[in-house]
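Undergrad: Sequence:
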Amino acid sequence: MSRLKCLLINPIIKPKDPPYNLPLGLAYVAAAIDSCSHDVAILDANAYKLKHEDIISEISEDTWDTIGIGSLVTTYPWQKRMFGMLRNEFPNAVLVAGGGLATSLQQELMQWIPEIDILCVGEGERTNIQIIENFDDRNWDDVRGIYYRQGEEIYRTPPQQLLSEGELSRLPFPKFDLLPLEEVYFKYSSIPLSPEAMTCKRRLSIETSRGCPFRCSFCIDLPSGTPRNTSYSEKELLYVDSLSMSKKIRYYSPEWVVELMKYLRLKYAVDFLTFTDENFAANKKHVMELCDLMEREGLTDLEPPLHFGSTAHVNNLDREMLERLKEVGCCYLDLGLESMNKDVLSNDLTKGSTPQKNEWGFNECLRAGVYPITNFMIGLPGENMQSVYDTTKFLVDNEIDCGPFFATPYPGTGLFERCKERILEEFGSLENFVTRCETDVSLDFVVNLTGYNDAELLGLRQMVMNHDLEQIVKFAEKKKESLAVNITNIEK
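For the sequence shown, the residue numbers in our numbering are 2 to 493.
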């Protein structure tokens with residue numbers, strides 16, 4: 002077959018925010034394409050905050066066989082306009098959608114953006130290789146895990162097989178060399194998550210696993226990308242059910258991870274690594290083996306030191322593991338506590354955690370010298386003054402400054418399915434809602450899921466940020482909601 006020219010585009014995520022995080026998923030897909038001896042490039046619009054017109058100007062002098070865009074649900078308006086402009090400029094290119102937006106919406110996205118030729122569901126490495134292998138004859142039926150367009154018709158192929166742990170551990174290293182590391186990303190290395198993370202000069206992102214064993218209501222299972230709104234054969238149903246129900250986590254071998262760390266240190270002189278795993282600490286055995294190998298391979302004796310941070314669920318934390326992580330350079334863990342109210346944790350978030358477990362995990366991290374990052378959420382359907390009080394009391398007691406994110410029921414999540422009728426009634430259509438998801442949920446909410454009006458919800462978030470327990474109690478009295486505390490308790 003002929004040598005193809007493939008372009009991957011990283012959309013603008015948050016126009017006003019610096020580009021702290023590089024597009025690791027695109028770097029993996031680029032490496033897969035490169036391994037098949039095809040030409041591949043990444044145009045990182047988010048790094049340079051490029052306008053749509055600037056992108057077209059940048060790439061118009063080349064002829065591209067495939068052009069792919071992959072990113073989050075929040076980039077839908079950006080992607081819709083971009084695909085339209087790409088089709089006008091490159092009428093013969095195969096336009097491919099992937100990533101979180103495509104995986105969450107699937108057939109709907111094919112209908113909303115008619116310029117898309119192929120939509121990839123879930124992991125992109127194997128699927129993109131199959132697209133390239135079938136490029137010459139356009140026999141897309143032989144590509145698993147996609148939707149594709151022929152004329153006015155949209156077709157779906159059987160689900161793609163997930164990469165096994167052995168296959169993950171044989172992947173080529175991500176194509177970091179296609180990203181503007183020196184020009185952009187190293188300049189934004191510093192992140193306020195720990196002293197080491199704030200003072201680092203050359204930070205990159207990697208992953209040591211894919212997937213998560215938990216089923217939090219606000220999270221979509223991106224690796225499997227379980228297809229929705231379609232019919233399946235009995236065999237396909239068994240496969241899809243296994244993806245959606247098992248929530249299996251898959252690990253790169255410690256040897257692969259450590260070799261990548263050594264490579265990045267040697268080539269780019271990195272001094273900090275962000276492990277982007279959904280749940281890095283899910284398996285103690287894997288974590289301990291990785292720590293031991295890092296030490297044996299000399300990664301703990303470097304000067305300047307190599308630090309890292311990642312994610313964890315409090316249910317998986319263990320004192321021995323935390324102490325070992327600290328020894329080999331881990332300086333923070335993002336715990337995603339979300340709430341300190343037992344009903345919200347159980348009924349709204351389906352986190353599998355409790356307030357007591359959250360507090361224990363927080364304190365164990367502090368004891369080990371690993372900074373616990375305590376993300377919180379406000380505005381869930383079961384939110385009440387007791388839940389607002391419980392979370393705020395924890396923040397006050399532990400002197401934590403925190404601006405909770407507004408709960409957002411993104412398509413593909415359990416929270417969305419629970420609130421779907423309410424969302425469609427308010428927005429009139431799913432597309433209108435997805436367009437609104439462009440909102441920065443650290444500042445404003447997309448949809449109010451609570452029993453409070455919009456002004457009250459904004460006020461509640463401000464009370465949490467202000468640590469204003471007294472005002473929370475007064476507002477509860479005004480709303481005639483009973484609390485397990487009163488003004489006298491607070492004043493004492």
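By construction, these hints were calculated from the structure, which means they are not laboratory data.
Treat the hints with care, since some could be wrong.
As the list claims (entries may be wrong) - When the alpha-carbon atoms are kept at most 30 Å apart in a straight line, the in silico BS3-like pairs for lysine-lysine are as follows:
#1 K343 to K475
#2 K263 to K327
#3 K202 to K50
#4 K263 to K343
#5 K327 to K6
#6 K343 to K285
#7 K421 to K343
#8 K268 to K50
#9 K202 to K15
#10 K421 to K249
#11 K394 to K327
#12 K17 to K50
#13 K268 to K343
#14 K286 to K327
#15 K481 to K343
What the hints assert, rightly or not - The following label-pair restraints were derived from C-beta to C-beta distances:
#16 C37 to E260: 27 to 35 Å
#17 A456 to G167: 52 to 60 Å
#18 P19 to S165: 30 to 38 Å
#19 E154 to P92: 28 to 36 Å
#20 F174 to L194: 42 to 50 Å
Don't be surprised by glycine CBs; every beta carbon is placed ideally from N, CA and C.
Undergrad: Indicate, hint by hint, whether the structure satisfies it.
TA: Each hint, compared with the structure:
1. K343 to K475: 22 Å, holds
2. K263 to K327: The hint holds at about 19 Å.
3. K202 to K50: 22 Å, holds
4. K263 to K343: Answer violated: K263 to K343 is near 43 Å, above 30 Å.
5. K327 to K6: Violated - the C-alpha atoms of K6 and K327 are around 44 Å apart, more than 30 Å.
6. K343 to K285: With Cα atoms ~26 Å apart, K343 and K285 stay inside 30 Å; holds.
7. K421 to K343: Answer holds: K421 to K343 is near 24 Å, not above 30 Å.
8. K268 to K50: 27 Å, holds
9. K202 to K15: 23 Å, holds
10. K421 to K249: 27 Å, holds
11. K394 to K327: Holds, at about 28 Å.
12. K17 to K50: Holds, at roughly 9 Å.
13. K268 to K343: 47 Å, violated
14. K286 to K327: With a Cα-Cα distance of about 16 Å, the restraint between K286 and K327 holds, given a limit of 30 Å.
15. K481 to K343: 21 Å, holds
16. C37 to E260: 27 to 35 Å: 22 Å, violated
17. A456 to G167: 52 to 60 Å: With Cβ atoms ~55 Å apart, the hint holds.
18. P19 to S165: 30 to 38 Å: 37 Å, holds
19. E154 to P92: 28 to 36 Å: 20 Å, violated
20. F174 to L194: 42 to 50 Å: Violated, since F174 and L194 (Cβ atoms, about 25 Å apart) do not stay within the stated range.
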